[in-house]
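Chemist: Mapping of the sequence shown onto the numbering used here: position 52 corresponds to residue 52, and the numbering continues sequentially without gaps.
Just so you know, the hints here were simulated from the structure itself, not pulled from any lab data.
It is possible that part of the hints are untrue.
Result set (DSS-like, lysine-lysine): computed pairs, CA atoms no more than 25 Å apart in a straight line [said to hold, decoys possible]: (1) Lys50 with Lys104; (2) Lys170 with Lys106; (3) Lys149 with Lys104; (4) Lys50 with Lys106; (5) Lys170 with Lys149; (6) Lys48 with Lys104; (7) Lys170 with Lys104; (8) Lys106 with Lys48; (9) Lys50 with Lys5.
Beta-carbon label-pair distances, calculated as ranges [what the hints assert, rightly or not]: (10) Asp98 with Glu132: 22 to 30 Å; (11) Ile195 with Met174: 24 to 32 Å; (12) Glu211 with Ser34: 36 to 44 Å; (13) Ser34 with Tyr139: 50 to 58 Å; (14) Lys104 with Gly150: 37 to 45 Å; (15) Lys5 with Gly150: 19 to 27 Å; (16) Leu120 with Glu157: 40 to 48 Å; (17) Leu35 with Asp121: 36 to 44 Å; (18) Gly156 with Arg88: 40 to 48 Å; (19) Pro180 with Lys104: 44 to 52 Å; (20) Ser34 with Met213: 45 to 53 Å; (21) Lys5 with Lys170: 53 to 61 Å; (22) Pro192 with Arg88: 34 to 42 Å; (23) Lys5 with Lys149: 33 to 41 Å.
Computed from a prediction, not measured in an experiment: that's the story for all the values here.
Backbone N, C-alpha and C fix where the C-beta goes; we use that ideal spot for every residue, glycine too.
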Amino acid sequence: MAQEKLTRETVVEQALALADQEGVDAVTIRRLASLLAVTPMALYWHFKNKEELMAALAEHVLSGVTADVSPGDPWQRRLRVIVEAVVRAMRDNPCVPDLLGAVKDKHELESFNRATEATLDVLAEAGFTSREAFAVSSYLLNGVTALVKGCPLWTGEPREAEERRLRRLKLESMPGDRYPRMIQYGGTLSEPPDIDGYYGFGVDLLLRGVEAMAARRPGAA
Numbered sequence: 001m002a003q004e005k006l007t008r009e010t011v012v013e014q015a016l017a018l019a020d021q022e023g024v025d026a027v028t029i030r031r032l033a034s035l036l037a038v039t040p041m042a043l044y045w046h047f048k049n050k051e052e053l054m055a056a057l058a059e060h061v062l063s064g065v066t067a068d069v070s071p072g073d074p075w076q077r078r079l080r081v082i083v084e085a086v087v088r089a090m091r092d093n094p095c096v097p098d099l100l101g102a103v104k105d106k107h108e109l110e111s112f113n114r115a116t117e118a119t120l121d122v123l124a125e126a127g128f129t130s131r132e133a134f135a136v137s138s139y140l141l142n143g144v145t146a147l148v149k150g151c152p153l154w155t156g157e158p159r160e161a162e163e164r165r166l167r168r169l170k171l172e173s174m175p176g177d178r179y180p181r182m183i184q185y186g187g188t189l190s191e192p193p194d195i196d197g198y199y200g201f202g203v204d205l206l207l208r209g210v211e212a213m214a215a216r217r218p219g220a221a
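Produce the complete structure using the sequences and hints provided.
Modeler: This is the structure we're talking about:
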């Protein structure tokens with residue numbers, strides 16, 4: 001790649017691809033320069049250090065979180081749209097949880113602030129106090145992060161089917177009088193995981209808890 005054609009967007013896209021493939025720690029100015037066939041100084045023209053680059057990556061992946069939120073929708077629908085958008089961003093870019101951890105102050109990110117403000121506004125409409133709303137928004141972010149990190153990977157490779165088979169056999173060999181439910185679960189491993197179902201169930205679980213708490217607030221309809 002010729003140095004004169006290098007853009008900030010190109011650097012961000014390459015850095016994001018590297019972070020998704022090898023992890024955030026693999027993203028260095030020198031490594032990126034090598035991948036982009038430029039000198040490290042060409043990257044410093046766009047980002048003065050790795051911290052600034054990490055912030056730009058986080059800004060990029062979170063930029064669409066509030067894009068589909070409709071102000072006229074019920075608060076439950078708006079909250080779901082935000083949460084599902086965060087899940088989608090993390091599914092598309094597995095590095096996002098670690099990337100957010102690498103940003104020293106997430107409130108310096110405009111996209112993060114927009115998403116946080118939108119979430120707090122929704123939760124205020126649901127009847128939560130400011131302190132409660134911030135706690136709920138934090139729990140939701142942590143819950144989504146755990147949901148994505150805990151997702152069973154499935155690419156369809158033969159080794160995954162074999163690993164699933166061995167796990168099923170191990171569970172089904174447990175004492176039936178002590179672990180009947182675990183044995184029952186083991187039988188479900190004969191089929192590949194339903195990834196979309198996994199995420200849909202997880203998001204429902206998180207949001208139903210928020211909705212149940214909101215329904216108990218003073219003055220709730």
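Chemist: State for each hint whether it applies.
Modeler: Against the structure, the hints:
no.: 1; hint: Lys50 with Lys104; in the structure: holds, 12 Å
no.: 2; hint: Lys170 with Lys106; in the structure: violated, 43 Å
no.: 3; hint: Lys149 with Lys104; in the structure: holds, 21 Å
no.: 4; hint: Lys50 with Lys106; in the structure: holds, 15 Å
no.: 5; hint: Lys170 with Lys149; in the structure: holds, 24 Å
no.: 6; hint: Lys48 with Lys104; in the structure: holds, 16 Å
no.: 7; hint: Lys170 with Lys104; in the structure: violated, 43 Å
no.: 8; hint: Lys106 with Lys48; in the structure: holds, 18 Å
no.: 9; hint: Lys50 with Lys5; in the structure: holds, 21 Å
no.: 10; hint: Asp98 with Glu132: 22 to 30 Å; in the structure: holds, 28 Å
no.: 11; hint: Ile195 with Met174: 24 to 32 Å; in the structure: holds, 26 Å
no.: 12; hint: Glu211 with Ser34: 36 to 44 Å; in the structure: violated, 50 Å
no.: 13; hint: Ser34 with Tyr139: 50 to 58 Å; in the structure: violated, 41 Å
no.: 14; hint: Lys104 with Gly150: 37 to 45 Å; in the structure: violated, 26 Å
no.: 15; hint: Lys5 with Gly150: 19 to 27 Å; in the structure: violated, 41 Å
no.: 16; hint: Leu120 with Glu157: 40 to 48 Å; in the structure: holds, 42 Å
no.: 17; hint: Leu35 with Asp121: 36 to 44 Å; in the structure: holds, 41 Å
no.: 18; hint: Gly156 with Arg88: 40 to 48 Å; in the structure: violated, 21 Å
no.: 19; hint: Pro180 with Lys104: 44 to 52 Å; in the structure: holds, 49 Å
no.: 20; hint: Ser34 with Met213: 45 to 53 Å; in the structure: holds, 50 Å
no.: 21; hint: Lys5 with Lys170: 53 to 61 Å; in the structure: holds, 54 Å
no.: 22; hint: Pro192 with Arg88: 34 to 42 Å; in the structure: violated, 21 Å
no.: 23; hint: Lys5 with Lys149: 33 to 41 Å; in the structure: holds, 36 Å
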